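Note that the protein sequences, when read in sequence, are chains A and B.
First residue of the first sequence? That's 1031 in the working numbering, and the numbers climb one at a time after it.
First residue of the second sequence? That's 10 in the working numbering, and the numbers climb one at a time after it.
Derived from the structure by calculation, the hints contain no laboratory data.
Be aware that a few hints might be false.
Below, in silico cross-link-like pairs of lysine-lysine (DSS-like), each with a Cα-Cα straight-line distance of 27 Å or less [said to hold, decoys possible]:
#1 A:LYS1367 / B:LYS277
#2 A:LYS1094 / A:LYS1075
#3 A:LYS1075 / A:LYS1104
#4 B:LYS277 / A:LYS1424
#5 A:LYS1297 / B:LYS131
#6 B:LYS277 / A:LYS1101
#7 A:LYS1075 / A:LYS1297
#8 A:LYS1242 / A:LYS1131
#9 A:LYS1104 / A:LYS1093
#10 A:LYS1242 / A:LYS1096
#11 B:LYS131 / B:LYS277
#12 A:LYS1167 / A:LYS1093
Just so you have them, the derived chain B footprint on chain A, three or more residues with Cβ under 8 Å [unchecked claim]:
#13 1314 to 1320
#14 1355 to 1366
A quick note: this is a predicted structure, and the numbers were derived from the prediction, not measured.
By construction, the Cβ of each residue, glycine as well, lies at the ideal position given by its N, Cα and C atoms.
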Amino acid sequence: MIRLDGISKIFPGVKSLDNVTFESVAGEVHALLGENGAGKSTLIKTVSGAYIPDEGTIHFDGKKRKWNSPKEAKDAGIHIIYQELVLFHELSVAENIFIGKAPLTRFGTIDYKTMYERADEILDRLGHHINVQALVKSLSVADQQMVEIAKALVGETKLLVLDEPTAVISGREAELLFERIKLLRDEGVCIIYISHRLEEIFSIADRVTVLKDGQLVGTRSIEELDRDQLVGMMVGRELKDIFPPKRIPSLEAAPVLTVRNLCALPKVRDVSFDLHAGEILGIAGLVGAGRSEVAHAVFGSIPRSSGTVSLGSEDFNTPSPRASIDRGLGFLTEDRKEEGLMMLLDTSANISAPVLPEFTTATGLDRAHEIQVARDEIDRFRIAVPGPESGVSKLSGGNQQKVLFGRWTRACRRVLILDEPTRGIDVGAKVEIYEIIRQLADDGLGILLISSELPEIVGLCTRVLVMREGFVTGEVEGSRIVEETIMRYATAERESAALDVA
Amino acid sequence: MAYSKSRYLVRRLQLDPSLIIVILLLAIVVISGFVLSDRFGTTRNFMNVLEQSSGLGFASIGQAMVVIVGGIDLSIGAVVTASTIFMAAIVDLHPGLMIPMIFGTLLFGAMIGFCNGYITIKTGVHPLIVTLGTASILNGSVLIYTLQPTGGVPYWFEEFAYGRIWNVPISGLVMLLCFALVWLFLRYFQAGRAFYAVGGNPEAARLSGIQSNRIILLAYSASGFFAALAGVYFVSRTGVGDPRIGDPITLASITPVIIGGLILGGGKGNVLGVLLGVILISLLSNLLNYMNISTFIQWVIQGVIIIIAVSVYVHKGKKL
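With the rest of the complex left out, here is chain B:
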């Protein structure tokens, strides 16, 4: 067939054509970066951005999976926080457990996610409320345990956050790998397909023999898992468990999901769009930092971008 190469890529990756808006915004940010700052357009800076975006990236993958099945996870930030404390506190006491505790922490997160899913299914309470509840429980428990950053990990563990392979940050590579795996899973596996079926029409999915409850449990467990991975990343970056570090992550994790073309309510979207969203947000804040623009103004700009992106999706959706 006579598809141009880029058209073919769009088909192949199943990108929503509306994502052109995100790519446009990315282009605007990159071009303005080159023009406005001489430090922005360097390989070194791009690699730094990739590294710094990892935490947000991990959190957003999990959020995206839950959103695709029609839910939302407001406990992601709290799971991030709890994971950092869980990991740093135990490793501080038993430094020999460093490597097993990476997996232990991921399991810890997945279990919390599993609980979110389980409560949602069994009670029928909206996941917004369930996850808000677990978030409050986790945050409260953490603050009972400590008000200060606490615990510690061996110095070498910062390699995960700061280490480079061929000059590419390890954390960034892991993030890209996670996006790739989740994309493959959602696109090429039976259970992945079921994510979209359950999110799009739970009743039709059930009557088609899809075991919706398992899919929902899987989505929330994955969300907890990735939130814990973000926690592991932050421990690697800061070397400690921090009782406040996850606070901004919950809402931040929703932004790339929305910019990436997923719809709250589920059934639609592509995690590669979410990756573009993560990169857009990270590059933007990087650029604005170079321009010495305050965080508060950055929030304003982010808000404008969200609204622009979503109005384009809504508009396109109507026209199609």
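The following block holds chain A by itself, in its conformation from the complex:
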């Protein structure tokens, strides 16, 4: 269906794609894998006509093609569904499906009756039933995704690209999505599927192509591969080299953080745990299990409904971010753009934000001291930034994350909460951050690590709490920390898990 031969795309300073050859046939699900920066999105943008390759040729549907714009590719039958859904929330399902292509009456007005009928037909074809007159904002994210897919079926789509479609939906919804995708595949649509999640590659893909640093690593049939081989292809090194060695902390001293029966309804229900100095305690679970909310409730950035939190021997029951920081707590939040960095401020101001009182003298802020501190953090974490007074918005994800590590290690004396510390950064930066986390624990901080990437939890933590629907459904330690056990608790019913723990 589509064949790319020797594609190269060069951006100033970077060869984003280097002589890549890729082929996908009708009626298959072809997974495209690679770390961030491997060239997946450049490849997709080449397929979709958003980029014109500097070298190489594209064959689509048996003919040699050269797209000059995304519209040409779209007209030829290529449809891309991006991770961020592009739907109009105040319009109905049918209006969204037919946006810009609504059937018209002979007076030139929108023919709603025909539009609703045809929208129903399309959703039938997907085997997915939603009220086509409902407003999109009233739908679940999974249903909204179906609307996106339905949009692809209005015209004749021969090639459908899905960019990380499961990033925003739960496990069960993902299975439903896979069924729909397989329906389309069996109709003869060629599907290119981009994902980070290895598990789902095995349940949906027929073939896999792996890219690394803009180069093709290889294309394999899924039957030829196991998980470890696939990881090896993606990162180009063995898993054991990625994580620093674990160290079992001394649990004899009193815990630095004690949480008892913490509730922050409706997301956090009756959570209790201890965290010791030098310990890396993981919180695992599916998206929406209440992990981040536990962190927010401890840190005081969402209200607690009940329960107690103590730091060392000191009760901490009048929480607020300011009070937490003053008591030596740090919280590196999940979304660095929305909740972490202040993009319009420079690097030094981003680092000093929680500890500004330290830099305040009788005559105002001691800017020289602030800059010196920022310079120290830049050196310590090897942050690739021109200087303490340059901005943070243009930094790579890994460097932005390191700025936040600089901020919080500066501010934090007892407990550091890390919420998805490696989300959206490349593997090299991940390895550096794992080492930083290890080092911080060795320096005596208690670390609470929330992550959706199970290998990270398994590779770093000496103890793991698993959450589901706001409850802690299991706690695993030592050699029991393996992905299968964690997944079992993460998807378990509460009752059975409770029995299992007993």
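On the provided structure of chain A, position chain B as indicated by the hints.
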């Protein structure tokens, strides 16, 4: 380091390099002034412009502070009006209270600003709507009280507006002082830094332990305070409280803020840019007055300048 002196000054004052457009426009206005009018290019005229720009200057400082924290204050004009009435009416009855009433009026303005901030925080209603509401309440109340200019202040109080020290107008000096203090505050104080943090990313600021609500209250209170200071200035100029005097000030206060490189939405900008904006607008209208060009054409020209300045910022922002 081998910075040239001007480059060093730009660094030191943290001026946005894009402000070059404002400086260019200023240069154009000044040069055309020298060419087109023999009365424009005199020290005497520049001092007059400085004096006349004070009202706009005070109002714009407050507007700038609110804009930096991500808000907007559409009640500034109404606070100016209400302050003139408040001051002139009370001083008219008790002339002995002249000096205390200066501070009383500033406090009055700050309190209204505080209310704006408080309502914004507590209700979550967009400040555009909250301040539009308080503006309407204030303007309505003032017009219930009087339709005519009213009250009066002792004659000597006009010294604030018209008085000179070493030939420099007092009001202008006070305005420059206010800009300098606010600049220092925003740049060199913890709370000032917090203004930019809250305006740039309120959630990140909160999670960094910054007490955003206090900062927002402070910004609106300051805006009310400076609007009242503009009111005091107008009372000094006109000697009365005037129920319509603030009407054009609200929108006028936004113009220098935008020309000065601040962005609506907050988190960015430098009040020295706003000062340049105030001076640009004042010099321009001064020049056009000398050329006998009508106010309406002046509005047209102002509009063109706003759009030119902002397109340069947007363009530069993309390129950086």
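Now for the hints, and whether the structure bears them out:
1. A:LYS1367 / B:LYS277: 17 Å, holds
2. A:LYS1094 / A:LYS1075: 17 Å, holds
3. A:LYS1075 / A:LYS1104: Roughly 12 Å between the alpha carbons, so the hint for LYS1075 of chain A and LYS1104 of chain A holds.
4. B:LYS277 / A:LYS1424: Distance of about 16 Å is within 27 Å: holds.
5. A:LYS1297 / B:LYS131: 24 Å, holds
6. B:LYS277 / A:LYS1101: Roughly 37 Å separates the two Cα atoms, so the pair is violated.
7. A:LYS1075 / A:LYS1297: 38 Å, violated
8. A:LYS1242 / A:LYS1131: 39 Å, violated
9. A:LYS1104 / A:LYS1093: 15 Å, holds
10. A:LYS1242 / A:LYS1096: Holds. LYS1242 of chain A to LYS1096 of chain A sits at ~25 Å (cutoff 27 Å).
11. B:LYS131 / B:LYS277: 25 Å, holds
12. A:LYS1167 / A:LYS1093: 41 Å, violated
13. 1314 to 1320: Coverage by chain B is violated for the stretch 1314 to 1320 of chain A (0 residues, Cβ < 8 Å).
14. 1355 to 1366: Our answer is that it holds, as 4 residues pass the Cβ test (under 8 Å) against chain B, meeting three.
Comparing the model with each earlier hint shows violations of hints 6, 7, 8, 12 and 13; every other hint is respected.
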